[in-house]
Structures are given as C-alpha cells and as structure tokens.
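Protein sequences appear in the order of chains A and B.
Take the first sequence: its position 223, counted from the start at 1, is 223 in full-length UniProt numbering, and no numbers get skipped.
Take the second sequence: its position 29, counted from the start at 1, is 29 in full-length UniProt numbering, and no numbers get skipped.
Hint data in this document are derived by calculation from the structure and do not stem from the laboratory.
Small disclaimer: the values here were computed from a predicted structure and weren't measured.
Treat the hints with care, as some may be off.
As the list claims (entries may be wrong) - Covered stretches of chain A, going by a simulated chain B footprint (3 or more residues, C-beta under 8 angstroms): (1) 71-81; (2) 215-227; (3) 255-262.
What the hints assert, rightly or not - Pairs of lysine-lysine, DSBU-like flavour, derived with a Cα cap of 35 angstroms: (4) LYS4(A) <-> LYS20(B); (5) LYS25(B) <-> LYS4(A); (6) LYS50(B) <-> LYS78(A); (7) LYS248(A) <-> LYS4(A); (8) LYS78(A) <-> LYS67(B); (9) LYS74(A) <-> LYS39(B).
Glycine is no exception: its CB is placed at the ideal position from the N, C-alpha and C atoms.
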Amino acid sequence: MQEKRNLIVAGSLFGIIAVGLVVLGNPANMGFCIACFYRDLAGSLGLHAAAPVQYARPEIMGLILGSFLISSLKGEFKSRGGSSPVLRFIIAFFVMIGALVFLGCPFRMILRLAGGDLNALVGLVGFSAGIGVGAILLNKGFSLGRSYSQSRAEGSAFSMAAFVLVGIVLFLPMLLKASTSGPGSQHAPLLISLLAGLIVGSLAQRTRLCMAGGIRDLFLFKDPTLLLGSAAVLVTALMLNLTTGSFKLGFTGQPIAHTQWLWNFLGMGLVGYGSVLLGGCPLRQTILAGEGNSDSAVTVLGFLAGAAVSHNFGLASSAQGATTAGKIATLIGFAVITLIAFAVMRKQTRS
Amino acid sequence: MQIVDTRGLSCPQPVIETKKVIDTKETELQVLVDTIAAKENVSRYAKAAKFSVSDTKTAYGWSLELKKL
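So that you can see chain A by itself, here it is in the shape it has in the complex:
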C-alpha cells in the first residue's frame, strides 16, 4: 500500500515538475524527455552536428547524481556489471533511434498525451505492443546473463563523469556547443533544471518508477503497481495543462511531433521492445547507472551513440515526418534486437 502511495506521490510530483519546466522555458511537452535530453547532450559534446539540438541538459546530470546521492545515503548503492554490456549498448542504440523516429522517450510520450497530442496515443499502442513482444521473449527464457560485483570505482565512475560535466556546465560552458535556435535553445534556467533532475532522480531511485515496467508487469504478472507512477504523471500533467491552457487535443499542429501513425507506432514499438529486454525504460536505465550499475551506464552510452548517429545520418524525424533513413533504421532495429534475443536464448538452452 505504501509502495503504491509513494509511486502516486512521486508520479504526481514528476507531472508538476515537467509542466513547470515547460513554463520556465523547456520546449513544449518536453518538461522531461530522456531521449531528447541525451540527444541534446550528444550535440553539446559535439557528437553530432545538428545545430538546433545542442544543449547539455542539466536535468540529465541531476538524474544521475540524484540517484547516486540518495542510493549512497540509503545504503543501496551497489557496483555491479558484466551482464552483456556490448549487447546492451546495441539494444540501447536502437531504442534511441526508435525514440527519435517517434520524437520522444516513454516519459515524453506521456507528457505529449497530457498535452492532447493524439499521435502519442498511437505511440502508446506501439509501445505496449513492443513491450508485449519483449515480455513473451522474457517468458521464453530471454536473459542477457548475470551481473557481478565490481569495484566501487567502476560503479561510481559514471556519476563522477556527470559531476565533472556539471562543473563544466557551471564554470566552463564555452567548452560545450549550445543551440541558438530550435529546441536546444529552449530551456529552463540552469540551476532549476539541475534541481529538477536531482529531485526526479532521487524519487525515481526510491520508487523504482519505470515507464516500461508498469505495462510489462501488467502483461507478465497482472500487477498494476508500477503503472500507477506513469498514470499519476499523466493525470497531474493533464490537469495542469488544462488549467494553464496548454492542452490542445488533436493530431495536427502538435509541438515537436509528426502525424505518420505507422512510424509513431513502430518507433515507440522499438522503444518498448528494447526497453523490456534491457530491464527498464531510458529513465530507469539512467537511475540504475547512478546506483552503480555499469551495464546501465553502458546502456546510456548506447543512447548517446544512437542519438549522435540519428542526427549525423538523418534518421531522426521532424515535424514533416519520419525520414527514409529513419524508417530503414527502425526496421533494422527490430531485426537486430530479435537476432540478439534468439542468440541469447539459444545459448541459454545449450548451457
């Protein structure tokens, strides 16, 4: 009961913070979008050359450090890794491509829905279908293998990198690229974004909130507990959008979105499919990386690489829709993840 209450309280706070960040300057329906934030971060580090999407989003560093600090305080920080890091990197790479074809991670999908963007509803159907396929494979014995205890240095290296990046953002911002127009140029004040990340990171660590886990648990165990967190985000953000007048119901003219239903469906389908096999959505992976899980840290590096390739090779969608390269990459993503799934299941039955 307490677990459910905590999830609802945390989800509601996330909804409030997300809408608040948009009011303070973040792009519309992008109070929190883990995929978009990694895309902007990749751009600010010079990993891709798309000028409108370059900004070292402090929310991301806040999430990692919030999780790191609270898990260390509560004795839950645990250095572990070694569960198929390269396969995780590849799956994460394609999860990011799927997210950028849809134009958002599961968190933004919920926020888009709360803003009245019905394309996100198509995305949600695809996301659920992808989770369903992943859940079947999990039931059939899919496993990326066990992780093992690692040195404290290995588990905390990623959080230390986030800490250094905060220092660069605060004191040496000239080292980073920053958009002067487009989504990358729209952001809430730096310290508020950092604080928002720290709060969301701490609460997500405590509650294990996961945007893919809720639907997955419902499919696998008929357990709606985790889903309450996502539902609370949706309801709170929806109510706030309605009261502030930023709710606009429809398919067309939605901010940073396109109306090609097939590619919204397949893009989020790929995100759901990959997220379930990775053991959590992009937000959850970020939180686990802060808790000392170096497999999740490698997963995050996969997100950054996926974002960089998406924007360097024209895979990411725009308001006009998905690109041909993006469509091909999405289909390749399904094929590669399926190949990985069958490869690890075969290995399991052999051993």
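Assemble the complex: chain A is given as a structure, and chain B must be docked to it using the hints.
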C-alpha cells in the same frame, strides 16, 4: 525446498524465475536476491500468489523464504 538463485539478473527476471517455480505447485521455496528492487518485486509477487515471505540478510543481499499460505 527448491532454491531459486536470481542474483545478478535484471528486472523482471527474478520474478519470472520465482513465478516459474510457483507455477509448478511448489509450496515452499527459497529465493536468493541481491538488489532491493528484486527483493521488493519478488516479495510483492509472492504475496499476491498467497505466499508468506520472510527475509534474511546475507553477505550478497537477501534470502527470501516463501511458504504457501
């Protein structure tokens, strides 16, 4: 009593492994977990499946004793 070793497995595999054994009509099992998330998830599932859960802290994490109510 059957022992289910879920240490080091990603979410939700600890619950899936536990569920597979419970589905064989096993009435008593010991589940080894090494993260709090796995401990919470396995405990929640076991209680929903009408099992009592008692946990013991170990060097690697926890040992959960599940008994059919």
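So, going through the hints one by one against the coordinates:
1. 71-81: Per the Cβ count (3), the hint holds.
2. 215-227: With 6 residues in contact (Cβ-Cβ under 8 angstroms with chain B), the coverage given for the region 215-227 of chain A holds.
3. 255-262: As far as the region 255-262 of chain A goes, the hint is violated, because 0 residues have Cβ atoms under 8 angstroms from chain B.
4. LYS4(A) <-> LYS20(B): holds, 25 angstroms
5. LYS25(B) <-> LYS4(A): holds, 29 angstroms
6. LYS50(B) <-> LYS78(A): holds, 31 angstroms
7. LYS248(A) <-> LYS4(A): holds, 30 angstroms
8. LYS78(A) <-> LYS67(B): Given that 35 angstroms is the threshold and the Cα spacing comes to 29 angstroms, the pair holds.
9. LYS74(A) <-> LYS39(B): holds, 15 angstroms
Of the numbered hints stated above, the single one contradicted by the structure is hint 3.
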